[in-house]
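The whole structure should be built from the sequences, with the hints applied where relevant.
Protein chains: 2
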Amino acid sequence: MSDSVTKNKGVRPRVVIAGGGFSGLWAAKTLANQPVDVVLVDRNNYHTFLPLLYQVAAAELEPEDIAYPIRSILRKYTNVRFVLADIKKIDLDKRILLSTDYAISYDYLILATGSATQFFGTPGAAEYSFQLKSLEQGIILRNHILRCFEYASRKIDDAKRQQLLTFTIVGGGPTGVEFAGALAELIHGPLKKDYPSIDFDYVKVILIEAANSVLLSFPKMLRDYALDRLYRMKVNVMLETLVDKVTPLTVHLKDKDILPTQTVVWTAGICADPIAETWGLSATRNGLLMVLPTLEVEGRQEIYVIGDLSSMEDNRRQLPMTAPVAVQQGVQAAKNILGKINGKPASPFVYKDRGAMVTIGRNTAVAQIGKKSFTGFFAWVLWLIVHLINLIGFRNRLMVLINWSMDYLLFERAIRLILPLRKPPKPRSKT
Amino acid sequence: MSDSVTKNKGVRPRVVIAGGGFSGLWAAKTLANQPVDVVLVDRNNYHTFLPLLYQVAAAELEPEDIAYPIRSILRKYTNVRFVLADIKKIDLDKRILLSTDYAISYDYLILATGSATQFFGTPGAAEYSFQLKSLEQGIILRNHILRCFEYASRKIDDAKRQQLLTFTIVGGGPTGVEFAGALAELIHGPLKKDYPSIDFDYVKVILIEAANSVLLSFPKMLRDYALDRLYRMKVNVMLETLVDKVTPLTVHLKDKDILPTQTVVWTAGICADPIAETWGLSATRNGLLMVLPTLEVEGRQEIYVIGDLSSMEDNRRQLPMTAPVAVQQGVQAAKNILGKINGKPASPFVYKDRGAMVTIGRNTAVAQIGKKSFTGFFAWVLWLIVHLINLIGFRNRLMVLINWSMDYLLFERAIRLILPLRKPPKPRSKT
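Going down the list, the sequences are from chains U and R. Position 5 of the first sequence, counted from 1, bears residue number 4 in numbering that gives the first Met the number 0, the numbering being contiguous throughout. Position 206 of the second sequence, counted from 1, bears residue number 205 in numbering that gives the first Met the number 0, the numbering being contiguous throughout.
Treat the hints with care, as some may be off.
As the list claims (entries may be wrong) - List time: in silico DSSO-like cross-link candidates among lysine-lysine, alpha-carbon distance up to 27 Å:
hint, chain 1, residue 1, chain 2, residue 2
1, U, K255, U, K339
2, U, K75, U, K28
3, U, K28, R, K191
4, R, K28, R, K255
5, R, K75, U, K87
6, R, K75, U, K154
7, R, K192, U, K75
If you're looking for bench data, these hints aren't it; they were derived computationally from the structure.
As structure tokens, then:
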């Protein structure tokens with residue numbers, strides 16, 4: 000293997016971090032300027048601020064607004080390097096991470112490759128659903144939604160129009176609710192102005208949830224508020240409804256109707272990226288890798304698993320798969336490694352829960368901070384501020400602020416381009 | 000054909016405009032609120048500000064900054080409709096425009112589908128060169144350049160490194176010069192900071208031009224200034240050099256060397272989109288459609304050809320393929336149609352030349368206005384102002400202004416994402 004990062008013997012221990020999401024990035028930041036060599040590996044050259052991904056899909060933000068080049072973040076840390084690579088295998092005994100054309104040896108390994116969508120074996124769901132787990136998927140979904148309106152603006156029959164203008168979101172968790180709200184605002188605001196030839200009575204945004212409420216992890220008062228607001232925003236919420244099957248043009252509901260729809264967005268489940276199962280580490284039924292309370296893998300205590308990929312072994316309540324958990328675990332894993340190098344015992348991870356927030360639309364959000372619940376304008380402003388502050392980079396903050404301000408003031412969305420997302424076409428020019 | 004826009008007999012004449020670039024859009028604007036029905040057809044749902052496309056390729060602007068949704072532009076004109084379609088054929092006798100799934104009848108047709116890259120039969124050029132004619136191509140080129148640096152940052156042999164770090168631009172016209180300058184600034188500024196492991200003495204930006212100077216259409220003083228500045232920016236300008244062949248890893252020069260390079264950007268020639276040849280209208284050797292001085296097609300005087308696609312039949316000096324020419328032709332064609340409806344004779348097109356400008360880099364540009372030549376900071380500020388003013392949409396102007404200001408003040412480029420530009424991957428999640 001010619002392309003490889005080999006270890007220099009006798010020098011500082013090398014920590015390899017697989018994944019540049021919240022957990023991996025914060026682990027790298029914590030290890031910065033410490034007596035270790037750090038290599039951060041990611042399949043993309045940018046970090047994605049996933050909490051705002053749904054706004055890219057709803058044509059509210061530009062993809063570049065929520066992504067930041069990892070090299071720029073790490074530039075100031077001389078002991079941290081970045082490698083663009085897609086991790087394939089781990090040689091646990093030789094302590095080497097392998098990608099298709101790359102091998103990186105490690106003394107400590109932090110696995111932070113995140114999660115994937117779980118379809119629970121629903122036929123057709125994986126093939127025909129859109130997902131919201133990566134920047135690419137966000138752009139694909141945005142393009143698809145706008146294309147549906149373009150096709151619906153033509154002279155077509157009613158059945159086809161119904162398929163094109165029914166948007167189905169499966170899963171009433173935070174992502175499903177936030178996306179349903181943002182989509183409803185996009186459609187009944189800017190798109191209504193853009194497509195005068197479309198009868199908007201045809202348009203349906205449907206949110207399907209298996210339980211008897213949306214936002215199950217929130218208190219009842221906030222759940223009810225969210226439901227009420229979604230109804231007012233013309234989102235058709237179908238509770239206690241299970242999806243049996245997805246086809247390119249329909250969603251089949253259990254014991255119920257068949258909905259004609261060309262757009263199914265699946266936000267209902269989360270599992271590990273299937274590749275993690277091949278690494279030979281013990282995993283849960285969802286493929287999440289099991290760790291000790293110290294975030295170490297039992298029996299392989301040079302390996303840490305953090306963020307969405309990590310599952311605590313001690314049967315405690317599964318931590319939410321959120322950015323705050325990931326950030327805190329990243330910091331803790333890094334601190335435990337630094338401690339171990341200095342001969343100190345590893346400390347168990349304790350999640351400091353600072354609350355949770357979900358925005359539904361204009362002036363409309365729910366927030367749970369400690370035992371206090373907030374709704375409406377105050378919760379919405381809080382949500383805006385927290386997300387703006389946590390964005391990486393001054394330029395991204397400024398761009399998001401401008402986009403949000405203009406959307407708010409003008410009831411408008413600027414980013415409605417159907418951008419190409421395909422291979423370069425065969426040159427059509429003279430040769 | 001079920002999907003079709005059929006003409007309502009006895010009502011206002013329908014003008015169909017093929018292409019939403021500068022010429023087509025300005026034709027539409029001129030026909031707005033006039034006693035005609037207008038249908039604007041484009042294969043994209045956005046208008047692209049092509050004069051700044053090279054800055055997208057050089058990671059200076061976001062794709063969304065130079066694109067604007069056509070429906071938003073046309074929204075305020077009740078007599079103008081937009082159709083997203085790729086034009087395939089024209090039935091000249093029945094007066095119908097045909098796309099794969101669409102048919103639009105017309106009374107007047109304005110053809111404004113623009114130009115494509117001309118490779119002059121150079122073997123391999125069409126297959127292995129990058130182009131700068133569409134937003135998609137700009138993003139593809141940006142991704143490729145950044146990927147070259149990622150791969151070059153690994154431990155590889157010198158020959159491979161040379162291929163990865165040699166960037167070859169063919170054609171010393173305005174696009175070639177502007178892109179060479181922007182690329183040199185990207186490389187020797189932000190990328191140098193991002194890739195500490197790369198020896199930047201390996202990096203070469205080569206500009207190949209067949210003639211004995213760059214920017215042939217400008218006066219000698221400005222050409223010499225541009226050449227001097229390019230040299231100072233470490234652009235290797237090879238004059239009187241012809242390209243014989245392009246392969247994935249090399250460029251073969253006539254009677255000269257073989258350059259190892261994985262990046263060839265072809266800006267050297269322009270021709271019509273080959274599909275225009277199939278429409279049965281008389282064309283030049285480059286496929287441009289010939290028109291009378293009134294911009295009408297001889298013998299088919301309900302058809303107008305404007306913008307890059309248009310070639311005057313009268314052997315006058317070929318007009319430059321620029322936005323000002325396109326805009327003025329769009330306005331003139333629209334006025335001639337309105338005149339014709341009122342029984343007035345069509346007026347010949349006269350180009351009002353307001354000058355030309357090319358930016359080379361920071362504080363560095365050339366401008367030719369009337370008989371006056373400008374260089375340096377003044378020309379550069381003039382270039383910035385003219386381009387900012389001509390961008391469509393307040394938000395785009397603001398975003399470009401912010402991006403430019405921050406790049407200028409911080410010697411930085413924010414947009415260095417290798418964004419996916421491929422089909423959605425097969426879902427990797429559990430099904």
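So, going through the hints one by one against the coordinates:
{"no.": "1", "hint": "U:K255 to U:K339", "verdict": "violated (57 Å)"}
{"no.": "2", "hint": "U:K75 to U:K28", "verdict": "holds (10 Å)"}
{"no.": "3", "hint": "U:K28 to R:K191", "verdict": "holds (22 Å)"}
{"no.": "4", "hint": "R:K28 to R:K255", "verdict": "violated (51 Å)"}
{"no.": "5", "hint": "R:K75 to U:K87", "verdict": "violated (53 Å)"}
{"no.": "6", "hint": "R:K75 to U:K154", "verdict": "holds (22 Å)"}
{"no.": "7", "hint": "R:K192 to U:K75", "verdict": "holds (9 Å)"}
Consistency note: the structure conflicts with the earlier hints numbered 1, 4, 5.
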